Amino acid sequence: AQSVAQPEDQVNVAEGNPLTVKCTYSVSGNPYLFWYVQYPNRGLQFLLKYITGDNLVKGSYGFEAEFNKSQTSFHLKKPSALVSDSALYFCAVFLSGYALNFGKGTSLLVTP
Amino acid sequence: DAGVIQSPRHEVTEMGQEVTLRCKPISGHNSLFWYRQTMMRGLELLIYFNNNVPIDDSGMPEDRFSAKMPNASFSTLKIQPSEPRDSAVYFCASSLDYGGPSSGVSTDTQYFGPGTRLTVL
Chain R
1 AQSVAQPEDQ
11 VNVAEGNPLT
21 VKCTYSVSGN
31 PYLFWYVQYP
41 NRGLQFLLKY
51 ITGDNLVKGS
61 YGFEAEFNKS
71 QTSFHLKKPS
81 ALVSDSALYF
91 CAVFLSGYAL
101 NFGKGTSLLV
111 TP
Chain W
1 DAGVIQSPRH
11 EVTEMGQEVT
21 LRCKPISGHN
31 SLFWYRQTMM
41 RGLELLIYFN
51 NNVPIDDSGM
61 PEDRFSAKMP
71 NASFSTLKIQ
81 PSEPRDSAVY
91 FCASSLDYGG
101 PSSGVSTDTQ
111 YFGPGTRLTV
121 L
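Chains as they are written, first to last, in the numbering used here: chain R, 1 to 112; chain W, 1 to 121.
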């Protein structure tokens with residue numbers, strides 16, 4: 001089955017430092033991978049997606065993600081974290097051609 | 001565009017009552033999804049509509065749940081009767097599906113509404 005795993009429940013980063021939120025996938029065929037962010041009491045907001053092409057995908061709010069086929073990973077990164085980046089981050093993979101199968105989420109806390 | 005609109009944002013009801021959640025997808029989108037988010041189970045797909053037709057409702061928990069999409073701009077998710085274990089945040093999402101379900105591929109982005117936080121006492 002198409003699935004993603006987010007191995008960390010929480011990531012803590014100091015403001016200004018680079019951040020990485022990890023995601024690994026298990027899919028048959030070519031994976032369609034997504035990152036979403038959820039701020040408190042808000043819906044999920046799309047950050048970026050990988051369909052095909054360049055392994056480095058750039059998205060909203062300065063985030064980027066690197067698709068690594070050999071390591072079956074799709075880690076989310078940002079060179080310099082902001083306090084306002086503190087939120088819940090979800091990795092997702094397309095399941096059955098239309099539905100998204102979400103990871104359990106990683107809580108990012110950026111401290112001043 | 002206003003994005004996906006959901007109402008109400010919060011709903012508190014008593015066990016046994018009927019609950020109706022509403023969703024207006026982004027204009028022009030032809031796919032609509034209902035998800036449920038809980039601490040225990042994370043985000044789960046409940047039902048998927050394409051061109052107003054339910055394509056996959058295998059995620060609907062039981063017969064107490066039903067969903068309709070009478071037209072391209074409106075969908076409802078109904079729970080009758082409601083139970084405390086239905087307490088969750090319910091999200092509606094929409095997308096423009098270029099391929100259609102027959103193609104087996106839908107690569108466009110799903111845009112989520114703000115959700116309805118349901119509490120069943």
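Check before you lean on any hint, since a few could be wrong.
Straight line, CA to CA, 27 Å or less: simulated DSS-like cross-link-like pairs of lysine-lysine [unchecked claim]:
| id | chain 1 | residue 1 | chain 2 | residue 2 |
| --- | --- | --- | --- | --- |
| 1 | R | LYS104 | R | LYS58 |
| 2 | W | LYS24 | W | LYS78 |
| 3 | W | LYS24 | R | LYS49 |
| 4 | R | LYS58 | R | LYS77 |
| 5 | R | LYS22 | R | LYS69 |
| 6 | R | LYS77 | W | LYS24 |
No lab work stands behind these hints, which were simulated from the structure alone. None of these values were measured; they are calculated from a predicted model.
Here's how the hints hold up against the structure:
In summary, the hint linking LYS104 (chain R) to LYS58 (chain R) is supported, as the alpha carbons are separated by about 23 Å, within the 27 Å threshold. Between LYS24 (chain W) and LYS78 (chain W) the CA atoms are separated by roughly 15 Å; this keeps the pair inside 27 Å, and the hint holds. Of the supplied pair hints, the one linking LYS24 (chain W) and LYS49 (chain R) holds, its CA atoms being roughly 24 Å apart against a limit of 27 Å. For a cut-off of 27 Å, the pair hint linking LYS58 (chain R) to LYS77 (chain R) stands: about 10 Å separates their Cα positions.
Note on LYS22 (chain R) and LYS69 (chain R): the hinted pairing holds, with a Cα-Cα distance of about 14 Å set against a maximum of 27 Å. At most 27 Å may separate the alpha-carbon atoms for a hinted pair to count; LYS77 (chain R) and LYS24 (chain W) exceed this at roughly 33 Å.
Hint check: a violation occurs at hint 6 only; the rest are consistent with the structure.
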